[in-house]
Amino acid sequence: MKKKNLLQRTIIIAIVTLLGFYVVIGPRHRPTLHDFTWSGIKTTLASNIHLGLDLKGGTHLVMRVKTDEVLKNLTLADAIAIEKAAKDKGLPVKEVRPETSAGNYRITVEATDPSKLAEIQEAAKQKLGGDLSIWNSSISGNTIVWTLPPSAQSTLAEQATEQAQRIIESRLDAVGVAEPLVQRHGSQASHQILVQMPGIQDPERVKQLLKAESKLELVHVVSPPSPQSVQTYSTEEEAKASLGGTVPPNRRVLPYAERNEPTAGGQPATDEAQKQKKWVVVESPAVVDGSELRSANAVQAQGGGDSYQIAFALKPNGAQKFGSWTGANINEYMGVVLNDEVKSVAYIKSQINDQGEISGRFTKQSADDLALTLRSGALPAPIEYQEERTVGPSLGADSIRSGVRASLFGLIFVVVFMLFYYRGAGVNAVVALMLNMILMLAGLIIFSATLTLPGIAGIILTIGMAVDSNVLIFERIREELRTGKTIPSAVEQGFARAFVTIIDTHVTTIISSLFLFVFGTGPLRGFAVTLVLGLLINLFSAVYVSRTIFMWELSRKRKLESLSI
Amino acid sequence: MIQVFKDVNIDWLANRRIFIAISILLMLFGLGSAVFRQWKHPNGSEAFNMGVDFKGGTVVTVKFKQRPSAEAIRDALFATGAKDAIIQPVTDKPDTVLIKLPLEGAGEGSQTQVDMGRGRVKNGLDKFGAEHDAYEIIGTDAVGAVAGAQLRNKAIATTLAALVGILMYIAFRFEWTYGAAAVIAVFHDVLVTLGFFSIFQWEVSLTVIAALLTLVGFSVNDTIVVFDRIRENRRLHRRESLYKITNDSINQTLSRTIITSGLVFLSVLSMVLFGGEVLRGFSLALLIGVTFGTYSSIAIASPIMVWWEQRLELANRSAAVATNRDNQRPSSSAKRTSATTETRKQSSGAGRA
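Residue numbers (the numbering used here), protein chains in the order written: chain W, 970 to 1534; chain S, 23 to 375.
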């Protein structure tokens, strides 16, 4: 009976050990002879274990989507639409007041005649349709107040964040970052996105690309028609003055960086000259915007050389809108606006359907990047970077080296001590410890957990804590032996008594590691993972395996006089 | 058979006042350092030398071909507008320095910080030659003010939540008094370790928080081993006083305590010595934590538990006397309660043994 039990245990341990070995150093392809050499094992190990950015090198970015901008823009746009709806129906409106303080989005419409309020409300509802249904409206006195309830606010913010995440994914994909990780970060309400890019050392360009709002609009410039030249103003104040001091909701004053033609000598314009800004007044809303884009590409400018421009085409819907508008506005001036800056102004010679271009002084790379961000669509809201961490490959390799060195020294200290202090039983503990290490690596691979530098620290710590179970058991066995028990019953009692303590100590450590895993970020999670994994495996290696080794030792001789412990 | 401690018989609890006095003194030192630094800012220091993780700011790790002096680097950076740069050489790598830029401004300033830090350092260093030629930026950590505050709050919440979780578990497995004593001892360890970080102005980073949580787990481990023994001995020797049982239990588990702590200490020491700069804060926190975690399970947790249990017993007894007087009933409720707890412990223990 006992023999059979022992055999069963041995088989289980052998299977687990072999499986562990296979998972850790087994190649994922048909094994060749090379896979059994030292360098072969090293390469398989490196490809099997998923290293964190801090060891592999790469960039870790945390960004926040400024979702309040979305709500603000929505409030302003709807306010304009409501006013327009009322005016179209000839209903008297004294004032439309949008309010966009943090967390509070409101549109107050004041009417000169309170009896018309219901009609204004109805007109707005007709004009905006479903867009207005997320607002709560109430009438009191001579005002209607539309408020955006918190639930609608969070829904819109959530949508914006999800959209931003998709756009970031497609931009990363387009720029060719290998194996990027894009996911939500922190709590749902924090609207943060985490981007990890292995192998990217200098993230400047990618950061600019991801951040680029790339808001493209084609607008009507307020100006006398061609052949008169376009109406520009040299300062913003001057432009506002032309509108009577305040900018009405259907107008915008935008900077216009006038394009400098190369001078006669072919000298490119200096940066200073290019910065010279003028201002123009444009109509709002835009005729079409970036969401109607079908394609955008960087092409060489007509002058050739190093100057590039963007050629774009519109989707059928946008093309139709654009076509009918340009057809009706021949000789009027049209502006191409990028990120609230007028890039070029031209008069409309004939009806344009779906083609256009953004000229400007672009280099090949800036034109390529701009075309790429235009294609991926405009971000629904600006993003800001909150955390940036980069690790170069040399620093990562260095961390691996010192981590491995520290683990090896820790292991050597522990092994030497155990062998010296517990002699025969020490061998037992060392076998359990080695098995623990192998199974821990196997566990990391099976759960495709990421090994980080704190993760390596977790492994080192596990070495110390794993051996604690053995110490507890061995000390207990020694105690039992001192009370005069026979060897088999001392071993039996030692394991049984120590087991209660081992469970308690393991559970408490696992509790604190779990909190670290749930609340921790990035590398710290790696630490919690290795620690928990090490402790769980320890229950198998230090209790089950050690016990089996003792059983095997006891079964070899019929009468055991001494136990090396 | 080598045996470090054989038949030790030390009256630990007799020295409880000295132990607790030492601990309070240590905690007062740490607290004093934190308060003094926070108020007076000697050498511009604060209660804790918070790393970029919590304070925000930028740290750029730069490896030079020929390392210029710290002054030269600072001057080069100053010229490009990085005013308060701190240049910190890496101890075990003479060609590498850490360049730390504090957070500029608040609110929107955090934005510029995260975007600009690296570029600014790069511009400044280009004075020494082109990147990849004269120097190489091998790592950056830039954290904005918002993210820093978030990480800090999360760290504090995590540590406290872990403590509550442990308290619940021990209360479930032992008694409330045991759980409370263990948690007080662990809290003490965390405070003493933090005190060291304040006194020596070691940098507190995210990994240090991980170390503190590990320490929480480790120290409770140690306490539980002793408590487990107390629980067992109370079952075996009903007539012994709790005082004697506790002393005996500490002595019986002493060799295990010393061996385990010694081994963990050694593996942490190898991290301090060979783990490199990145793990330094982590391993230092653990080194101190392991030392005090071991000490506190003997010197803090056990005395508090004994004191508490004795007080409860006294309260029970006086309550029993009162009820006896009032109701003139022969059976004492104190005896009854203690009897039921005994049976409860016994039955749950028997199931496990």
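Careful, some of the hints might be misleading.
To be verified - So, partial list: chain W residues that the calculated Cβ filter (under 8 Å) puts toward chain S:
1. Ile1103
2. Ser1106
3. Ile1108
4. Glu1356
5. Thr1359
To be verified - For lysine to aspartate or glutamate, the following DMTMM-like pairs were computed, each having C-alpha atoms within a straight-line distance of at most 25 Å:
6. S:Lys77 <-> W:Glu1079
7. S:Lys115 <-> S:Glu254
8. S:Lys77 <-> W:Asp1171
9. W:Lys1454 <-> S:Glu262
10. W:Lys1025 <-> W:Glu1127
11. S:Lys176 <-> W:Asp1142
12. S:Lys176 <-> W:Glu1127
13. W:Lys1247 <-> W:Glu1310
14. W:Lys1454 <-> S:Asp270
15. W:Lys1176 <-> S:Asp117
16. W:Lys1209 <-> W:Glu1301
17. W:Lys1176 <-> S:Asp148
18. W:Lys1058 <-> W:Asp1037
19. W:Lys1333 <-> S:Glu262
20. S:Lys85 <-> W:Asp1171
21. W:Lys1454 <-> S:Asp29
22. W:Lys1025 <-> S:Asp155
23. W:Lys1025 <-> S:Glu158
24. W:Lys1209 <-> W:Glu1252
25. W:Lys1025 <-> S:Glu153
26. S:Lys266 <-> W:Glu1127
27. S:Lys266 <-> S:Glu254
28. W:Lys1063 <-> W:Glu1091
29. S:Lys122 <-> W:Asp1171
Since the hints were derived computationally from the structure, they do not count as laboratory data. Being a predicted model, the structure only gives us computed values, none of them experimental. Heads up, the beta-carbon is just placed ideally off N, CA and C, and yes, glycines get one too.
Could you grab the alpha-carbon distance between S:Lys77 and W:Glu1079 and see if it respects the 25 Å cut-off? Not OK: S:Lys77 and W:Glu1079 at ~47 Å, beyond 25 Å, violated.
Q. Measuring from the C-beta of W:Thr1359 to each C-beta in chain S, is the shortest one below 8 Å?
A. 5 Å, holds
Measure nothing beyond the straight line between the CA atoms of W:Lys1333 and S:Glu262; if it is 25 Å or shorter, mark the hint as holding. 88 Å, violated
Within 25 Å, alpha carbon to alpha carbon, are W:Lys1025 and W:Glu1127?
Answer violated: W:Lys1025 to W:Glu1127 is near 33 Å, above 25 Å.
*asked:* So if I understand the rule, the pair passes when the alpha-carbon distance is 25 Å or less; does S:Lys176 with W:Glu1127 pass?
replied: 22 Å, holds
Holds or violated: are the alpha carbons of S:Lys266 and S:Glu254 at most 25 Å from each other?
Cα-Cα ~13 Å, so holds.
> Holds or violated: W:Lys1176 with S:Asp148, Cα cutoff 25 Å?
Replying inline: 21 Å, holds
Hint consistency between S:Lys176 and W:Asp1142 [alpha-carbon to alpha-carbon, up to 25 Å]
32 Å, violated
query = Taken at face value, is the distance from the CA of W:Asp1171 to the CA of S:Lys122 at most 25 Å?
reply = At roughly 18 Å apart (the allowed maximum being 25 Å), W:Asp1171 and S:Lys122 satisfy the hint.
Does W:Asp1037 sit within 25 Å of W:Lys1058, going by the straight-line distance between their CA atoms?
The given pair, whose Cα atoms are some 32 Å apart, is violated under the 25 Å limit.
| If you draw a straight line from the CA of S:Lys266 to the CA of W:Glu1127, is it 25 Å or shorter? | Violated, at about 62 Å.
Quick one, are W:Lys1209 and W:Glu1301 close enough, alpha carbons at most 25 Å? With a Cα-Cα distance of about 21 Å, the restraint between W:Lys1209 and W:Glu1301 holds, given a limit of 25 Å.
Going down the numbered hints, you'll see the structure goes against 1, 2, 3, 6, 7, 10, 11, 15, 18, 19 and 26, while the others check out.
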